[in-house]
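If you want the building blocks of each chain, they are given just below.
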Amino acid sequence: MKLFVNGEPHDVAAQSLDALLRELEFEGEWLATAVNGELVRSPDRWACRLNDGDRVEILTPRQGG
Amino acid sequence: MLRLYKTELSSRLLLGTAQYPSPAILADSIKASGTEIITVSLRREMAGRKSGDRFWSLVRSLGTHILPNTAGCHTLKEAVLTAQMARDVFATDWIKLEVIGNHDTLQPDVFALVEAARILSDDGFKVFPYTTDDLVVAERLLDVGCEVLMPWCAPIGSALGPLNLYALRSLRGHFPEVPMIIDAGLGRPSHAAMVMELGFDAVLLNTAVAKAADPVAMAGAFALATQAGRAAYRAGMLEPRDVAVPSTPVIGKAVFAQ
Numbered sequence: 001m002k003l004f005v006n007g008e009p010h011d012v013a014a015q016s017l018d019a020l021l022r023e024l025e026f027e028g029e030w031l032a033t034a035v036n037g038e039l040v041r042s043p044d045r046w047a048c049r050l051n052d053g054d055r056v057e058i059l060t061p062r063q064g065g
Numbered sequence: 001m002l003r004l005y006k007t008e009l010s011s012r013l014l015l016g017t018a019q020y021p022s023p024a025i026l027a028d029s030i031k032a033s034g035t036e037i038i039t040v041s042l043r044r045e046m047a048g049r050k051s052g053d054r055f056w057s058l059v060r061s062l063g064t065h066i067l068p069n070t071a072g073c074h075t076l077k078e079a080v081l082t083a084q085m086a087r088d089v090f091a092t093d094w095i096k097l098e099v100i101g102n103h104d105t106l107q108p109d110v111f112a113l114v115e116a117a118r119i120l121s122d123d124g125f126k127v128f129p130y131t132t133d134d135l136v137v138a139e140r141l142l143d144v145g146c147e148v149l150m151p152w153c154a155p156i157g158s159a160l161g162p163l164n165l166y167a168l169r170s171l172r173g174h175f176p177e178v179p180m181i182i183d184a185g186l187g188r189p190s191h192a193a194m195v196m197e198l199g200f201d202a203v204l205l206n207t208a209v210a211k212a213a214d215p216v217a218m219a220g221a222f223a224l225a226t227q228a229g230r231a232a233y234r235a236g237m238l239e240p241r242d243v244a245v246p247s248t249p250v251i252g253k254a255v256f257a258q
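Residue numbers (UniProt numbering), protein chains in the order written: chain C, 1 to 65; chain F, 1 to 258.
Treat the hints loosely; a few may be bogus.
A short list of chain C residues far from chain F (calculated; beta carbon distances all over 12 Å) [claimed, not checked]:
| id | residue |
| --- | --- |
| 1 | 11 |
| 2 | 16 |
| 3 | 44 |
| 4 | 51 |
Computed far set for chain F versus chain C, every beta-carbon distance over 10 Å [to be verified]:
| id | residue |
| --- | --- |
| 5 | 68 |
| 6 | 145 |
| 7 | 187 |
Taking lysine-lysine pairs in the BS3-like style, the calculated list, with each CA pair at most 27 Å apart, reads [stated by the list, open to error]:
| id | chain 1 | residue 1 | chain 2 | residue 2 |
| --- | --- | --- | --- | --- |
| 8 | C | 2 | F | 6 |
| 9 | C | 2 | F | 211 |
| 10 | F | 126 | F | 6 |
| 11 | F | 31 | F | 211 |
| 12 | F | 31 | F | 126 |
| 13 | F | 50 | F | 31 |
Worth flagging that the hints you see were computed from the coordinates, not collected in a lab.
For each residue, glycine too, the CB sits at the ideal point set by N, CA and C.
Could you put together the complete structure from these sequences and hints?
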């Protein structure tokens, strides 16, 4: 399945958002996720099924003003 | 005591965490400022890096309140989604709401800002809106549920200091009970003292501290200026006048020659 993760194309086997994070080694404890512009809270990632062409955003705390 | 959404604070200085020369200088600047609220953002993580974890560990160890921002968002949808993602990660319903409307001035898109503030307030967020010094926009933000306002005094990072004293006085005068934090454009401690003397409740700084030659010393200088401005406001300042008035008594002055 082809997905766009943080704007970059990826071919992945993962079927769920939870599995995608593992497959691409997003190992941080403090991550926020969204699929196709909708928030997916951390407890809901395992149930979030992915589809070809989905746009996934994976964000983390950073410096800010 | 400053009260923001029922949270009581001793410090009237909020500090951003971006652009410091090193994490150690960031941490020391936060301590030197005495701030109890720091701002943070959310950005894309890189696979296998855990970069956010390192920053977040440092920030959490400092024990301040966290105010996540929606910096860089240019649309209502982006800002609302970023706020939702911030709440999921930072476990706070505080959000510094920014919706940028102009690339050059980073002026907020106040129309999208008001609508985003309405959506987020209805969803339980405690919104700290980054806004202009426009009185009517301020009123709309209060109408949709904001209990704190964060007007600019000049464009972000410009260091120009208060540009429109009339507008700032007008804001303060119309909403005397609303906590107002001057959010952007402060460059020098004297700017912070000036807006505090006008009666604003706090200042939010980042670039002026982080890009100083000595950020830690500058953080301390801004802390002193903010305290001085607040103390002066509370003490009641002399109004300017166009004529000289001698401070030493005239009565009893010796007359040496005729």
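Residue 51 of chain C: least C-beta distance to chain F exceeds 12 Å?
Residue 51 of chain C clear of chain F: closest Cβ-Cβ about 19 Å, beyond 12 Å.
For residue 145 of chain F, which was marked as not at the interface, is the minimum beta-carbon distance to chain C over 10 Å?
20 Å, holds
For the pair supplied as a hint, residue 50 of chain F and residue 31 of chain F, confirm whether the alpha-carbon distance does not exceed 27 Å.
25 Å, holds
Could you check that no beta carbon of chain F comes within 12 Å of the beta carbon of residue 44 of chain C?
10 Å, violated
Hint consistency between residue 2 of chain C and residue 6 of chain F [alpha-carbon to alpha-carbon, up to 27 Å]:
47 Å, violated
For a C-alpha distance cap of 27 Å, please report whether residue 31 of chain F and residue 126 of chain F respect it.
25 Å, holds
Taking only the CA atoms, is the gap from residue 2 of chain C to residue 211 of chain F under or equal to 27 Å?
This hinted pair is violated, its Cα atoms lying about 42 Å apart.
Distance restraint between residue 126 of chain F and residue 6 of chain F, which requires alpha-carbon spacing of 27 Å or less:
Holds, at roughly 10 Å.
Far enough from chain C: is every CB of that chain over 10 Å from the CB of residue 68 of chain F?
Violated, since 7 Å does not exceed 10 Å.
Minimum Cβ-Cβ distance from residue 11 of chain C to chain F exceeds 12 Å
14 Å, holds
Against the 27 Å threshold, does the CA-CA distance of residue 31 of chain F and residue 211 of chain F hold or violate the hint?
Holds, at roughly 17 Å.
Reported absence of residue 187 of chain F from the contact zone with chain C (all CB gaps over 10 Å):
14 Å, holds
Checked against the numbered hints above, the structure breaks hints 3, 5, 8, 9 and satisfies the rest.
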